[in-house]
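Chemist: Listed below, chain by chain, are the residues.
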Amino acid sequence: MKLNERSVVHYATCDSPADHTGFLCKRMERHHHNHHVPSYQRRWFILKGNLLFYFEERETQTPLGLIVLEGCTVELCEAAEEFAFAIRFDSSGGKSYVLVADCQVAMEAWVKALSRASFDYMRLVVKELEKQLEDAQRSLAASHKSPKKLSSGRKRHLSNPMMISIQEHPVILENGYSTWDSSCTHAEMASSDLSEGFLKPPPLPPRRKLIGSAVGGAFLAGSASATQESPVSPETTCFSKLHNWYGQEIAEVRREWMERKKTVEIGTH
Amino acid sequence: MRYNERELLSLSRQPAEKAAEVLMRAPKKGSALKKRLVKLVVNFLFYFRTDEAEPIGALLLERCKISKEEENVFSISFLEEPERKYYFECDTEEQCQEWIEVLRKASYEFMRSSLIFYRNEIQKMTGKDPLEQYGISEEARFQLGARKL
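In order, the protein sequences belong to chains A and B. Quick note: my numbering has the first sequence finishing at residue 937, numbered continuously throughout. Quick note: my numbering has the second sequence finishing at residue 161, numbered continuously throughout.
A hint or two may mislead.
Listed next, with one range per pair, are the computed distances between beta-carbon atoms [as the list claims (entries may be wrong)]:
| id | chain 1 | residue 1 | chain 2 | residue 2 | range |
| --- | --- | --- | --- | --- | --- |
| 1 | B | Glu105 | A | Met669 | 25 to 33 angstroms |
| 2 | A | Lys795 | B | Leu35 | 47 to 55 angstroms |
| 3 | B | Pro27 | A | Ser807 | 33 to 41 angstroms |
| 4 | A | Gln709 | B | Gly147 | 41 to 49 angstroms |
Hints in this document: simulated from the structure, not taken from any laboratory. Using N, Cα and C, we set each Cβ at its ideal position, and we do this for glycine too.
When you get a sec, could you build the whole thing from the sequences and use the hints?
Modeler: Written out as structure tokens, the structure is:
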């Protein structure tokens with residue numbers, strides 16, 4: 669099987685971050701019937717993502733070898749040497765690589781780093797953070813809904829925010845566009861090594877609508893409608909857009925309050 | 013460079029994130045478009061002859077560029093040699109766009125950047141580092157490394 673070896677070799681020593689580095693002794697894989705005492709070679713190791721590279725020397729530019737860390741476990745092992753551990757693969761006959769660290773601290777650091785090197789581990793962490801971001805956005809939305817409950821009165825007041833929202837549509841679009849620009853810049857900075865065409869992190873799933881027992885049906889319908897019409901919704905992953913959206917919502921609430929105040933004054937006359 | 017080929021072959025037999033039969037051309041001179049089964053598993057794109065169980069080759073999708081070429085065609089090239097392109101011709105334009113989208117997100121480095129992005133957004137909203145509760149906030153894996161300019 670051919671590998672895009674030149675690219676892999678380049679990746680080994682390019683400026684993308686290494687997750688762990690250090691010297692380890694690697695047990696030689698020689699097979700002789702009479703060879704009872706295993707021998708070890710001291711090598712410079714670089715862990716990047718799910719790939720463990722090893723080099724003749726620290727300064728060497730081309731790795732001697734690569735271990736792809738998918739489908740393996742990392743475990744301490746009983747060897748003549750202290751501070752030894754093994755990378756064991758479940759498939760293909762249970763092959764394992766025995767490595768020896770210089771000291772206890774180094775061994776523990778390597779075992780920890782290698783245990784979390786798989787692609788699926790990173791994927792799980794990303795999914796967890798996606799979920800937490802969604803939860804944080806939801807609780808922020810909930811805290812902003814509280815003031816609105818106070819102003820949920822007559823039906824015609826609910827229609828006003830929607831009309832105002834429509835009238836201000838160009839302004840919101842402009843703000844949304846501007847925010848989007850800054851978002852892209854931020855994302856691009858964070859992802860400078862990613863391939864061209866990277867626009868944004870993976871989208872969050874649509875937010876489930878919360879049903880508040882204290883909220884009237886009319887308010888809920890109005891709220892849902894307003895959310896659907898807004899070009900910048902709280903489902904976005906970008907905090908600055910979210911912040912801007914809630915700024916708009918607060919402005920609407922204030923307008924609504926002023927309208928109600930005016931109505932009361934008219935009633936007085 | 014030696015590598016654990018048997019384990020990589022075992023990886024190629026794992027369920028794919030995405031797989032399809034396409035026409036593929038390697039960056040060698042005079043290379044022709046050939047029918048291949050391509051299969052994305054984690055950050056590796058394996059390619060097979062359509063009737064064989066073992067892949068002919070694999071591309072590690074790190075520091076690569078996925079480009080739209082002419083209709084139904086996209087290419088993969090690597091940052092250190094941008095002119096050497098692997099070409100892939102799909103059956104439809106829609107399939108082509110699907111592959112481009114998936115491949116642009118296939119690398120470990122993309123995953124890392126997404127994680128850092130989410131971590132920063134959560135920290136801005138809640139004032140707390142979401143990784144601290146798991147005791148992994150200090151790991152090198154979750155930081156942006158120093159970059160040469």
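Chemist: Does each hint hold? Answer for all of them.
Modeler: Verification of the hints:
no., hint, in the structure
1, B:Glu105 / A:Met669: 25 to 33 angstroms, "holds, 31 angstroms"
2, A:Lys795 / B:Leu35: 47 to 55 angstroms, "violated, 34 angstroms"
3, B:Pro27 / A:Ser807: 33 to 41 angstroms, "holds, 36 angstroms"
4, A:Gln709 / B:Gly147: 41 to 49 angstroms, "violated, 34 angstroms"
This entry does not satisfy hints 2, 4, going by the numbered hints stated previously.
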